[in-house]
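Please build the complete structure, drawing on both the sequences and the hints.
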Amino acid sequence: MSVGDEREQHQRVRERFTRSADAFLRLAVPHRAGEAETIARLAAPLPGEIALDLACGPGTFTLALARQARLVVGVDLTPAFLERARQVAADQGAANVVLVCADAAALPCSDDSIDVAVSGYSLHHMARPFDALGELARVVRPGGRLALVDLIVPDGADAEANDRIERCRDSSHTHTLFLDQLRRMVEDAGFRIRSTESIERPRRFADWLRISGWEPTDPAWRQTRRLMEAAMDGDASGFRPRLVPGVGGAGPEIEFTQSCSFLAAWKP
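Residue numbers (my numbering): 51 to 318.
If you are wondering where the hints come from, they were derived from the structure by calculation, not from laboratory data.
Source: prediction; values computed, not measured.
All the pointers check out, no bait thrown in.
Pairwise CB distance ranges (calculated):
id, residue 1, residue 2, range
1, G98, R251, 30 to 38 Å
2, E56, R191, 22 to 30 Å
3, R244, D161, 17 to 25 Å
4, R217, F180, 13 to 21 Å
By construction, the Cβ of each residue, glycine as well, lies at the ideal position given by its N, Cα and C atoms.
What follows is the structure, encoded as structure tokens:
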């Protein structure tokens with residue numbers, strides 16, 4: 051990807067999460083508490099350690115780490131999310147949190163300066179995910195840990211069919227990986243994997259689109275719904291979409307399944 055393409059991708063990420071910040075906080079963050087605890091368990095920061103949360107968003111994972119680590123540095127591209135993360139940290143009295151606007155592929159940290167790094171649902175938004183993992187390998191000290199969670203394409207599914215739906219909903223989506231691809235990318239960056247945990251999250255289509263900042267009158271909503279309905283025949287996408295009765299007498303709603311994997315690793 052060229053420098054110009056990378057800048058365009060950064061702008062897409064900023065636009066998407068600025069537009070959807072309020073909806074994301076209302077609809078997504080309350081469901082991320084359990085995932086934040088899983089990340090904190092896998093990362094296992096100690097009281098004297100420094101942690102890094104790459105693509106920290108509104109700070110859900112950052113604040114989970116802050117209860118255990120000495121200092122947590124949260125890095126994100128989107129000022130709207132960082133402002134909300136600062137407010138939440140202040141409201142919770144988390145004085146050991148520092149939030150920085152920066153590029154994941156050029157972290158503002160010294161070599162071998164971080165004890166534990168985490169990242170949640172960020173790689174599929176990155177122009178250069180391998181470079182971002184390389185930056186994590188650079189800043190994490192030998193013996194330090196990495197914990198991340200991201201979307202995966204289920205085995206047997208068509209990755210392009212999956213990505214086509216994701217990109218229609220969210221133009222900042224780059225690509226979703228199979229678990230083996232994700233593992234290989236992490237290992238090629240210089241980490242050694244300790245464990246993986248895969249989950250399947252049931253989702254409602256309407257909530258999924260509203261988290262992205264869309265409403266039923268928006269073209270992106272209608273186009274994504276058409277793609278998801280088309281995926282019901284044969285389900286090449288791996289979303290396993292199905293129609294269910296709408297709430298309060300509304301028309302049929304779509305439910306589907308999103309596959310995710312947690313991964314824990316260490317740096318030799």
